[in-house]
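Asker: Make one complex out of these two single chains by using the hints.
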Amino acid sequence: MSISMTPKAAQHIKRSLEARGKGVGIRLGVHTSGCSGMAYALEFVDDLAPEDQVFESEGIKIIIDPKSLVYLEGTELDFTREGLNEGFKFNNPNARTECGCGESFSV
Amino acid sequence: MALLQISEPGQSAQPHQHRLAVGIDLGTTNSLVATVRSGVPETLADVQGEVILPSVVRYLPEEIWVGQAAKNSAAQDPLNTIVSVKRLMGRGLADVQQLGTQMPYHFVAGGSQMPFIETVQGPKSPVEVSADILRVLRQRAEDALGGSLTGAVITVPAYFDDAQRQATKDAATLAGLNVLRLLNEPTAAAVAYGLDTQAEGVIAVYDLGGGTFDISILRLSKGVFEVMATGGDSALGGDDFDHAIADWVIKNSSISANLSPAEQRTLLDRACRAKEQLSQEQQVVLQFGDWRGDLTRITFETLIEPLISRSLKACRRALRDAEVEAQEVQAVVMVGGSTRVPKVRQAVAELFDTEPLTNIDPDKVVAIGAAIQADALAGNRQDDGDMLLLDVIPLSLGLETMGGLMEKIIPRNTTIPVARAQEFTTYKDGQTAMMIHVLQGERDLISDCRSLARFELRGIPPMVAGAAKIRVTFQVDADGLLSVSAREQSSGVEASIQIKPSYGLTDAEIARMLEESLTRATEDKNARTLREQQVDAWRLLEAVDSALTTDGERLLNANERESIEAAMLRLRAAVDEQDAGVIEQRIKHLSQVTDAFAARRMDDSIQKALAGKNLDEIET
Chain A
8 MSISMTPKAA QHIKRSLEAR GKGVGIRLGV HTSGCSGMAY ALEFVDDLAP EDQVFESEGI
68 KIIIDPKSLV YLEGTELDFT REGLNEGFKF NNPNARTECG CGESFSV
Chain B
13 MALLQISEPG QSAQPHQHRL AVGIDLGTTN SLVATVRSGV PETLADVQGE VILPSVVRYL
73 PEEIWVGQAA KNSAAQDPLN TIVSVKRLMG RGLADVQQLG TQMPYHFVAG GSQMPFIETV
133 QGPKSPVEVS ADILRVLRQR AEDALGGSLT GAVITVPAYF DDAQRQATKD AATLAGLNVL
193 RLLNEPTAAA VAYGLDTQAE GVIAVYDLGG GTFDISILRL SKGVFEVMAT GGDSALGGDD
253 FDHAIADWVI KNSSISANLS PAEQRTLLDR ACRAKEQLSQ EQQVVLQFGD WRGDLTRITF
313 ETLIEPLISR SLKACRRALR DAEVEAQEVQ AVVMVGGSTR VPKVRQAVAE LFDTEPLTNI
373 DPDKVVAIGA AIQADALAGN RQDDGDMLLL DVIPLSLGLE TMGGLMEKII PRNTTIPVAR
433 AQEFTTYKDG QTAMMIHVLQ GERDLISDCR SLARFELRGI PPMVAGAAKI RVTFQVDADG
493 LLSVSAREQS SGVEASIQIK PSYGLTDAEI ARMLEESLTR ATEDKNARTL REQQVDAWRL
553 LEAVDSALTT DGERLLNANE RESIEAAMLR LRAAVDEQDA GVIEQRIKHL SQVTDAFAAR
613 RMDDSIQKAL AGKNLDEIET
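Read top to bottom, the protein sequences are chains A and B. Per the numbering used here, the first sequence starts with residue 8, numbered consecutively. Per the numbering used here, the second sequence starts with residue 13, numbered consecutively.
Here chain B stands alone, though its shape is the one from the complex (with noise of 0.2 Å):
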């Protein structure tokens, strides 16, 4: 029989309308999954009673083992047991191979670009690996919670690059879970810890696990966080603090430094004990083989002082990166086992002048910061506003104006619900209509932009160029629906349209959009003022004829109008050959020619004005 969790005030489910959502920390050495039970954030554990998950995967003829059992057996059977499957995710087999002189298995290449690792049971992909992991905590949860879940947050390093995580979504994907959101693995540990409801500030994250070190420093405003800079060393960490004790070890006793696999595990394991009793005392025993000796706190902190060094350098970069004083930072989220160490949280302390929150134990803070998150995603807390506010567009939305340029409205980063106007005039005399043509992308020209969908405003008052006045709104719903309506403000004439902007473009398409925008800056540049000044020509192009046809006869001879019509000609054929220098030069060329036509047009319409009017009238 079902048991029931307490729910916030009218939000108990119905029967069998339980919405069970969980936080999965997918992590490179160990995994762990956990959930919101009657408000209480907690781990899921194994029947074993078990919390962490070794995200180690064995393949053997007819099993599958994940975990403890296929860690045990790493040794004896290495070609099919896959360890770090992380660090494979996303990458190429040009990249794997790279990586391949730190990993014993055979890389083959599969059908896509993804590369494939040989084992008993035929060639299996990294994402397949995940998955593996990822349906056993799937299990878990689903044994622990008495349910199938509506669906998963699941972390990822906020380094990882879009293939990464989108081949983390295909691995949750495969493994039958749905994915609410993949989550920075630095937000959640934040999250956990309740910063996200904060107004704003600086916080940096630091990560010391078993084998990597990953340092972020996190903005935060309105409950969105921001990446402003990731850094770390992909081989730094607990194991390394290991690996000191162990060759302090072998320096102090007449034990050879060739050591056996089996005994080299053996001292590691003591080494890893010694350091973990550190923690709390100040002196301990280490035996190996015949020898002993006391190892004490302040010997064991003078052995791991180069390595926790190196973080610290890790840290400064970063802040450095993020352009901001260690002083600016706020708060410091301790996350991995490592930092349990007190010379850690001293150094750590140190370095950002604040005191490091650890009272989350570090091993499943991220876990615990994306059950938290999964819990608001699946609508079990939308009680008093306090819901998680994530969510931001990933592109700018904009419209199309003159010359075929992208004017953002909305830009990038902001979150939703959002909404954002802008005035918008004619361009020609008598205009009474205006296309509205909606883009979303980072790029100045419009075709480089993703078009979402084009509406026309009827209607306008004809209206000399430039005099009326169109306001265009772009608004965002929570959903992530976008509707833009434009409206004539002294008719009051109205269009709108909605659209859902993010619909049909991929992660992947978003970062390609992204990156493009960043690399060919200096090419939309140059694009964005080539326009600038071909619109520029053919206002005045469209101002100069429209004066000579109702001007041009009464105030011009022959030769005045034939320099006009030379330097318009000239004029057109520069903004054909698109040349911004060339059009510019031109534009003020037959500006010049135009200046004493302007002047007596000037007069006359002066004239005109004062034709039959006596001194008197004049000057009242």
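So here's chain A without its partners, still in its complex pose (with noise of 0.2 Å):
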């Protein structure tokens, strides 16, 4: 198992990337808060922690910290339109209920 994403969202991270001119990748993440218990978080990365595991899918480096991994192997991050609004999402196997938002699951 490990983590991967879509090309499209590849394609979306690559544009982010370099309009901003700079980061080694990808952070994807989870925080213990949110309505139902667990948070995703998406944020570019400049620098490694040692803890960092590091994926590559698609061309783009995926990093998580080990606290994380835990919840997301096997994640997929996928890049999706619903109507005017467009934005990243995880399809995430460990997860049992998501929230109707659809910012924080629960395991």
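Worth flagging that the hints you see were computed from the coordinates, not collected in a lab. All residues carry an ideal CB built from backbone N, CA and C; glycine is no exception. You may find that some hints are simply not true.
To be verified - Chain B side only, calculated, beta carbon under 10 Å to chain A, not exhaustive:
#1 Gln17
#2 Leu56
#3 Asp155
Answerer: Given below as structure tokens:
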């Protein structure tokens, strides 16, 4: 099992990183907050922490700290459009319930 | 379900705490909204995929149309379809009636100074009409971002005065938008190109839109843009290019110049399309009715030559106003659809001797800059110090000095955060306390400035006048909070106070205070001279008084004393009469009549110092 992303997500991340002009990759994380217990985080990465795990998918480095990894094993990052809104979505096989907003989940 | 965006390291928002911020270009002809998503600034489109919203509002009995649909109906329902409302923002009824000749609307006076436009939905103020446009953009942004907005940055022309800015703010509030800041359009364009991250330099923003031309000369220093000069032509734009082509068609065909409004519209649309094609191609075929003709780029360029010249003339005038040479301009930003015309670019490049910046869509560049600023202001990018520092102090901060004069410590337009200190001293012998009166304003007399606070520094050790060193520090933090502290250097006694300088001062009041400082400069200078003479007079009178008390009996005869006292009396009278020239004369006179007295006091104190000492002691 590992972490992956769709080509569409990769394309958008690549564009964002280029526009930003720096950054080694993208961090997927989990915070213990939100209405369903856990919340996803998606951030640019400039510096790696020693404990970080690095995956590569579609030519993009995905960085995850070990604590978050246990919740995210097997997750696929996708980029979707819903009406006018567009953004990233975590397809997380570990998540059992998601709150309506999709920003938090529990396992 | 909400979709995620990429945040800066360590900045990812808690769930439901996204700070959605947008930039809005509220234009005369067209309006746009943009935001920064995952670090990329982009304009937001409506359901049809249209990014540009025509700034046109049509009032129907039951409905309000905004945008293209309203624009299309302008011809059939001119009285209820409001176009170019931006030209009316912040104007009084009198100004508007002047413009009224070009506008078909029926204006009525409202309760305030504001003009109202009579529509089927009743009278509408320009602020309400603008709010209707903003409401559509706000809805579009909220649909696109999937949440309600934290705030918006709205752009305004650099030449907008305070009333026009306030009207824009009011429109935003009415539309339910929280205005993070109003940003000058040229500044927004410069920000879109990242020019704000450069250290300094002079930047020109050449904005040739559909109907208006604006040139702005900006100076950038330490991340702050200062508008040095603006200029332009409110009746020059891409529409004139279309008219030039249309006139050429009429001249070269047998078509009569008396076209119906519909025919005229068709001809202008064709002309517009030809103009756009000629930015890519060297030659296009134009068809109108039975007539067909070839329009080459070279002919087109000849047709628009006089129009481009007019814009260049305005540029030169703005450069002159800004007192900079064209060669000093380091970057030229192109804004407005008409800057796509290669000839325009070439002419601008020649004038400024530099290749203009064109790689961001000139229709979107202002909205994009506003979005970048909004993103920063909403706190979404506090990463690495390239946060924009666009905040400056609107009015100078200072304190009261003797004679009721304002001494500026932090001049206006200083960027915050800032700290400045200045040393002051005591005025009287043995003075043990000092009142610090903190003021804001540009005028010289404290009575014309705004009083912010007073506090007292006590416990100054008694010393002769002028010997104490009191360091007063003014500090303004990033939120505009002012703290003032005073410290006597030898004893270390200290006192301080915290004030919010802009509290309760509306933008209009700030503008009025600024304007007065300029229009009343001479008045202020005279007042200052008078106060300075008065202070000098008081100081001299004080000194002579104390000298008379200590040594008058011993060192002066009755005659001498009488003439000194007479001179003092005359000086006191002059101080009350408020004539700087007379005070100066009498100060001189009093100094003259006390010369001998002063010399005697000097001799006397030397004798006292020498008394009882022998020569050896003195020589060492």
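Asker: A separate judgement is required for each hint: does it hold in the structure or not?
Answerer: Each hint, compared with the structure:
no.: 1; hint: Gln17; verdict: holds (5 Å)
no.: 2; hint: Leu56; verdict: holds (7 Å)
no.: 3; hint: Asp155; verdict: holds (5 Å)
Of the hints listed earlier, there is not a single one the structure fails to meet.
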